[in-house]
Each structure stands twice: as C-alpha cells, then as structure tokens.
Amino acid sequence: MAVTDVYERFHLYTLADKFFVEPRDKIGAIVSNAYLEIDRISGELKLKSNSDFPIPIDQAELTQIYGILGITRLISGDHLIVIKKAELVGTLNNAEIYHITETEVIPFNKTTLHLTEKERFHNKNFVDMIQLVLATAGFYYSTAFDLTHSLQWLTDNATPNFRQLPMMERANPRFVWNRHLASPLSAIPALTRYTLPVMHGFVGIKTCIVRGSTFKLALISRRSIHRAGVRFYMRGTDLTGNSANFVETEQIMEFDQNQESSRRVLTAFIQMRGSIPLYWSQRPNLKWQPSPMIKPADNQLDAYMKHMRLQQQNYGGKHVIVNLVNQKGREKSIGGELERISTQANLDFVKYIGFDFHKECKALNWDRLSILHDILLQDITDFGFFCSSVRNPTDTRFQTGYFRTNCMDCLDRTNVVQSVIAKEALKQQLVFLKIIDNSVRSLDELYDFSHIFKNLWADNGDECSKQYAGTGALKADFTRIGKRTLNGAVNDGINAVTRYFKNNFADGYRQDAIDLFLGNVQIDPSNLPTKFEDSIFNFNANGGAIAGAIFSAAMTILCVLISENVTATLFWMIVFVAFMFFIFLNGEEFVSKPKLKSDLQHISLRHYSAEQKKPKNFFTTFVDSLKDEMQKNKELQEHKKILDQRLRELNESEALKEARQKFDKVEKETAESSEIIKHRVKEFRDHIDKMVTELQKTEAGKKLSVAGQEVLKQAKAATEMLEKTAKEIGDTQVYQQVSSAAKQIDNIAGVTMYSRPQELKMRSSGFSTSAFAHRTVEANPNASDIELHKESKWYQGWKNFSENNSYYNKLLDWKIRYDESENLAVRMMRGITERVGSVFSGSNEVSDVLTEIAKIDPNFDKTEWLKFCEKEIIPNILEGFIRGDVKVLEDWCHERAFVMLSTVVKEYQKSHFSTADSRIIDISKVEMVSGKMMDQGPVLVITFQVFMINVVKNAEGKVIQGDLNKPVRVHHVWVMCRDMEEYNPATAWKLLELHMQEGSLSV
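Residues in the sequence shown are numbered from 1 upward in steps of one, following my numbering.
The hints are simulated quantities; they were obtained by calculation from the structure and are not laboratory data. From the three backbone atoms N, C-alpha and C, an ideal C-beta is built for every residue, glycine too. Take these hints with a grain of salt, some might be off.
With a straight-line cut-off of 27 Å between C-alpha atoms, the simulated BS3-like cross-links for lysine-lysine are [unchecked claim]: (1) K216 / K26; (2) K287 / K332; (3) K216 / K423; (4) K287 / K502; (5) K423 / K206; (6) K925 / K761; (7) K26 / K206; (8) K18 / K124; (9) K359 / K466; (10) K953 / K887; (11) K110 / K862; (12) K953 / K910.
Label pairs and their in silico Cβ distance ranges [stated by the list, open to error]: (13) Q522 / P54: 37 to 43 Å; (14) A345 / V577: 43 to 49 Å; (15) N487 / E260: 41 to 47 Å; (16) Q164 / N392: 20 to 26 Å; (17) D444 / L47: 52 to 58 Å.
Please model the complete structure; the sequences and the hints are all you need to start from.
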C-alpha cells in the first residue's frame, strides 16, 4: 500500500465519551501503531500512539468498518458517518473497487434530551435525510484507484508531485460526494489516510473473452455534485454554467496481451450527459408531463456560453451536442431554443445535432437508430479514444472530442444513444488492439460479448435513472437485448407510473436530503423549517379538496352499486369531477416541495423559474372561512357527534333492557349508601383534624418539608370537600357499591380476578442487575425522618407543565367525569366502548411522545408497557402502600409521589392505624391518556380503576374508615416518568405524581 493510499479497513471502538478508529488491513491485522481518537464531548480529533495510549478495548463496543465517510453537524451536535458494509465490484489496474451497501450515522451525543421537542423533531428529520441519500444505490470508492478522474486526465496531468498528494486532495472535487462530510478530517494533514473520497454514479466491471482474447470491460459513470438533485426540481444550468444531472461516463478496456500484466494496455472512451444547458425549469404539478418553463428575461445565450466554456475547460477538444428531444409538442420550445442559441453562439469547438428520437423510432422501429449511428460515425472515428501501454508509456493516444447527449431527463433516450456511440467506439478499440478485424461490421455479431456489453450499459442506465428519477430506466429492453419487446413496454409503464408518484409526492423531501448531504444548505437551529411534509389532508383548501374528492368518489360508487337513482349518481359524479378539476388546476399546491431552500440559508445558488402568487379563488376563501368557524367549537362538536351516535345505537339495542335490570340493583344500593357516606366522611374528617394537630406539636412535625406539609394540607382540605360533594350525589353517583361478593363483580364486569402478590418486588433488584439498583439515597434533613430522592427537577418541570396546560387538566377532568358518571346512557356507552381514549385522549400528543420514547428504547411497545404497569408497577406500589412498606415505595417512586405516600404510611404507623385488612379485588381500565416530553425525559399519564375493600382500623381494631363488606371503586391518575440513568427498560419507569379519587371524592 502506498503512503498516499487510504487504509483498507478499521476497527471502531465506541465508549461513552470517545470513538477510537484503529487502522486494519483486509484480514483484520493492525497496520499502524497510531489510531484516531474522536472526543464525543468536544468533537476534537487527535492521532494517538497505541503504545503510549492503549485503546481500552475491554470497555469499548467494537464495530468493524470499511471506512469513514465523514462527520456532519446537525442540531443535536456532530454525527460520525461510517461504512459498515461494502461489496467488491472488481479490480481495475490492480486496484479493488467497492460498492457501499450499508452505512451508519452515529451521534456524538448519547441523547437528545437537551433539545426542545421541535429541535428533536427536526434533528431526526435531518438524520433521516442523510440516511435516505446513503440508502440510494451507487456510492463507490477505492483505497488505491482514483475513481474521480478519467485515465486520460491522469495520464495528461498527473505529475510526480501530484501523485504524492493524499487521495482526497488529488480527487476531482466535481465528483467527490462526501467532500463536505469529510472536511473535518481532510483539514488535518495527519488524518489523510483516514479520509476516503466517495463517488456517486455507477461502476461495472466484466471479464470478457472475444476470439480467444481475455480482457476487462469497465463502465464508470461519475455524477457531478454541482446542481445535483431530483428530476423535476433540477433542470437546466446555474449561473456558473453547471448543468443538472451531469454525468461523465468512461468506458475502459484493460487488456493484458498474452495474459501478461507487463504488457497491459488501457483504452478509454468518455462521453457526457446533462440537462439542456439553458435557464429553464419544469416544476411538478400533478400533470403527467409538466410543461417546461423559460423566462423571456433570462439570458439564454449567457447560460449556454458559460456551460460550453466550462466543458472546454474541463475536457478540451471538440464537443458534439446530441439533442434527442421531440421537435413538436411541449418539448419543442426548449429543444428549439437550444438549437437557436447554439446557432447564435456559433462556437468553433461545438457541433449541434438534433435527432427527434420518438419520431424516428415510433412504433417500436428502433432499428432506425442506425440513422443516428451513421450521422455520428465520422465524429466517433475522428475523436478517437484514449490508449496507454505499460510497455510504451510514451506511445499514448488521446481522445480529441466528446459527445454530450441530452433529452428532457437525460435518462432513457440518452442511455440508449450513449450505448450506440460506445459500441462503435469499443469496436474501433478492439480493432486497434487486433482482437477483431474490420470484417466484423457490428459487435452484435459477437453474441456472447454483445450480451455482456448491453447488460452493462443497461445496468448503468438503471442506476443513473434511480438516482435522478427514482426508478429504473425506460426502454431498457432495447439496451439489454437490442430490440423493443411487449414485456419491456409493460415494465416501462410500471416505471412511468412509479416515477409520477415519486416525482410529485416524494421528490421535494429527497431534494432537501441531497442538499443537506452535499452541504448546500447550512442548518441554523434558530431558523428551522416550520415543518417538512405538509399533510394534504389538513383542513385547508387543499385538504378539503382531497377529502371532497374521496367522499364524492365513494358516493358515486355507492350510488352505482346500491341506488337506482340516476340523478344522485350524476350529481356525485359532477361533484367529483369538480373537485378533481380544482386539484389539477392548482396542482403545484399539492405536490411535495423542497423546504430547506426557503427556510435555511443557501450556500450554493440554484436557479428556478419565478413563481407567481395565485389569488385566492372562491373555494379557497370559502374553506378558510369555514375552517375558522369550525375550529372554535371543534372539540364540542366531535364529542357530541360521537355521544349522539352511540346513544342512538344503544337505545335501539336489545341488550338495553337486560343491562337496565342489572344496574337497577346498583342504583338502589347507591341511594341507600349516601347516608352512610356522610357519616363516614364526618368521622374521617374529625380524625384527620386531630392527627394534624397532634403531629404539629411534635419535633418531627415541625421539621416537615414543604412537600410533606403540603400533603397534609391537601388531605385536610380534601376532607372538607367530602361533605359538600356527598350531598350532590344524584344522577352522577361517584361512590358506587358494586356488590358485596366477588363473584357478583366478576359476573357483572366480566374481568379476570386480581391475584395478590405474596412478596413485593423492588423495582431495581426485582427486575434488573444494573448499577442503578444499588445506588444510595441521600437523606434530606428538612423532610423529617423520611429519606428523599434528589429528583426535584423532574417534579418541578412536570408541575410547571400540568399547572399551565389547560388542555391537560380538561382532559383528566373529562376522563374522570366520564368514567365516574352514573347516568344510565353514559354507563351503557362505557360498558360497550370499554376504552374512551378514542373520544377524550390526546392521541396526537401521545403518539409524538411514543415516537420520542422509541428513539431511546427501540423495543418499547405501548400495549406491553401498559400490561407491565397493570401486572407489576401498579400492584407493587398499591400493595406497598397498603402494607406500609416504605422501602418498596421509595424504590418505585420519585420524590413527590414518595413523600405523599410515605407520609401517610408513617403517620398511620405513629397513630397505630392499620390498613392491613384492605384488599385489592381488581385493577382494570389501565389506559394511556396523555404524554409530554420534558427536559429530563418522557412523561406518560395513565388512568385506571381499582375495585377494593378500603378500610382503616385504629389501635383497638375498630374500623374508622371504609366497610369490610362493601368494595369501592377508586379512580387513579398516575404520572409515570422514565429514569434516563437506567438502561433496562423494564426498570426504567417510576411514579412521579398520583391522584386517587374514591368515586368523585378526593382522598
């Protein structure tokens, strides 16, 4: 390996605060005593000696990688991009060439909790964009061969000093796609062997045998980074002369005469493709083929001259422009303009040839391409090809002219014509090397070789087409087998439809991804896009039109299938046509558009045709007004609609009579129990007052923390509300006595009976072996003799949110009222629906939080987590409270919840009160109703009901609260938060805050 070559393999060692990149060879052996250290905190890159600073291998996670693509800075910080897998394409001039098949984007920061919710959303989008670009096939590299320069350029320009330059420095910047990403590495001279130039395009290498001679045929297509992008959003040239979809294709032959590498001969032929070199655009607008747009004010001669001068500067020689666009229809304007400008420019090194591909080859008459072949034959012969010999390096031939081919997309027609030109050039090379003679009129006569050649060019066309248009090339059957077929026409139809949907509904995002990857946009965290992908179903003019079209189409189909009313069918059909007319009339408003170009600062200039702002039409104005009115009472209308519908269904149900009979008994028992409640409430209130008074006299009571005092005050205040609330028991009874027998409960509720755990589990030791299970809890001297967690920031953050978020408070109020209501209709609806999340829960907010949790814990599953809450978290905390096990409560709860529960437990113990006879009968309706991403981590709000015998006895064993013979229903609202220091997801969740209501009475 030369000292300027890049290392072939690496071992990546990952620690919490550092990356270590150790050079290796292909078999895994260490090739250098030095290694690259990347500080994940500061981002500093250093080259260190393994003998002086050994890598802590035992503490690190090992990943074998093929190379480093670079480092990119996003909102959350730097990200390391590595090549995890690559496959060998082949060898060329003794150098291996690889195709990248798998990459990984590794963040320096271990978490994104330091970001706001909006920043996390955009950071994920930016990471997804980088991965989207890397997932596109066609990234190639070689550690010893310069893929970015042609053989002719290297022979003609490479001096000894040039060959001593690092590979990234001597690579052609026009074709290095990771130049921006690799800049942090390439800027440090000591890290040049870690910096790998990557090319985007196509590389294919095949071994061929023709008349006993063996040689390699290679095809290398290099996609330019300038004006790179997708089909409809990148057309024409920019102000510096770079054209969109510019690809340089080099066809190489490697021939070892008599199988001796010392007698090796290399030949090559170069041609280019690129968008028509004018200022023009062709924005997607839902039409099958949008019309190309040319601004009359644009200086098209200037665009053409700049591009062709740039071509001469890069390649020299003469240039033939082969224009394949239609000479009629929508393509005529842009094709005719290119011909006019070319004639006006009258450059002596440029020749223009127009060939209406579709007109000449219509009706599958592709043999008429021979007409174009004959037109170009003399130029192909005159331009020659590059040829260099190892034995006679001074005896070198050079290509003196180049073909620049274009159609509208520079894909399908272009690839076919380029293969025709390349086939003739290759035939002349084979004749020159005396592998064949002039008796061979066409390479098609060499069937086996012709098959290899055609498939190589077809693969090239497919790859280039996927990178620009999103699908494989059309007309590929001619390139592969030399003729058009019915099967090929069907495949073209499928690809054309796929292109239509991708170009209209996905390419805006893909254009942003390419710009971000290449560094064409600079991320400013203070000026982030409002959103990346607008939903076409939002309630605005666009969303209303889409919804209206779908609804009217459905009604039309229903009328045809069910109704015999012709008038109704025609009406809905006309409505559908009207909506579709509106959609296609305003097509540009419904397609996917790039968003970074307008929201983030641009580094490189793009040229787009100016868009005129369209005035609002009647439909838009009408929908906007309707939106404003409906937004004011949207929630009320949705709830009312659902309730009305359910009530109508229930009133017509045969099961209603039976259900009424079952609940009549409950109504009767509830009325009889109201007086008992009043008596129990007064007795419990007197006891609380006495307990608080006695506690305040003690030394421990004087030292109670603010949180502990607040709990006692809340308990006292709650009892004052009991009498008042109990008097209001009527239609909305909240203190329901279901039955005195568990069997009755089981028959009515249809639930599985709760199984009381014999032993309580500690959160950490019961499920995990992590170090978190053994952490020490420091005492807070201001909180009496209760040991508290140092996690006040968690509660303060949640408190600020819950107190200031009216939606959250309304949500819980609605949920509790709904679950507790004894209204007959509501009870029946509750019995049928079981879950009310679809009516009252903030599903969008919960979905967003679950998405963020999945980033931290990819295996998180909402359903399984709720089951875990029901089977483990809830029973252990409730049983710990009933049994007075402070250690269990301390392990499962954060500071706030622990103070609330443990204060009651300890005061009960001091007063010799006992809850040992309380029993949990069943835990049901465990639901997730809300969520929030706090700065400290995710928070989820769950609700559930507990049927239980809830009694408190004094020292004499007398029941002072509750009834041993009557179970009660207690409604719980728990706020759960994830402990970010715990890596085991089974033990990572703790109780942050809780509310318990027996009926609608606060306890």
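A quick look at each hint next to the structure:
About 24 Å separates the Cα atoms of K216 and K26, which keeps this hinted pair within 27 Å; it holds. Among the hinted pairs, K287 with K332 is consistent with the structure: their alpha-carbon atoms are about 18 Å apart, no more than 27 Å. A C-alpha spacing of about 15 Å is found between K216 and K423, which places the hinted pair at or below 27 Å, so the restraint holds. Of the pairs offered as hints, the one joining K287 and K502 holds, with about 13 Å between alpha carbons and a cut-off of 27 Å not exceeded.
The suggested pairing of K423 with K206 holds, with an alpha-carbon distance near 15 Å, which does not exceed 27 Å. Pair hint K925 plus K761 holds up; C-alpha atoms about 23 Å apart against a cutoff of 27 Å. Between K26 and K206 the alpha-carbon distance is near 23 Å, which keeps this suggested pair within the 27 Å criterion. Of the supplied pair hints, the one linking K18 and K124 holds, its CA atoms being roughly 22 Å apart against a limit of 27 Å.
Using a Cα cut-off of 27 Å, the hinted pair K359 and K466 holds, with the two alpha carbons roughly 26 Å apart. At most 27 Å may separate the alpha-carbon atoms for a hinted pair to count; K953 and K887 meet this at roughly 23 Å. Distance restraint check for K110 and K862: the Cα-Cα separation of roughly 23 Å lies within the 27 Å cut-off, and the hinted pair is therefore satisfied. Only pairs whose Cα atoms come within 27 Å are accepted, and K953 paired with K910 is accepted, the gap being roughly 13 Å.
Remark: the range hint 37 to 43 Å for Q522 to P54 is upheld by a beta-carbon distance near 39 Å. A345 and V577 have their C-beta atoms about 48 Å apart, which keeps the hinted 43 to 49 Å range intact. The hinted window of 41 to 47 Å between N487 and E260 holds, with their beta carbons roughly 44 Å apart. With their beta carbons about 25 Å apart, Q164 and N392 fall inside the hinted range of 20 to 26 Å.
Between D444 and L47 the beta carbon distance is about 56 Å. The supplied range of 52 to 58 Å therefore holds.
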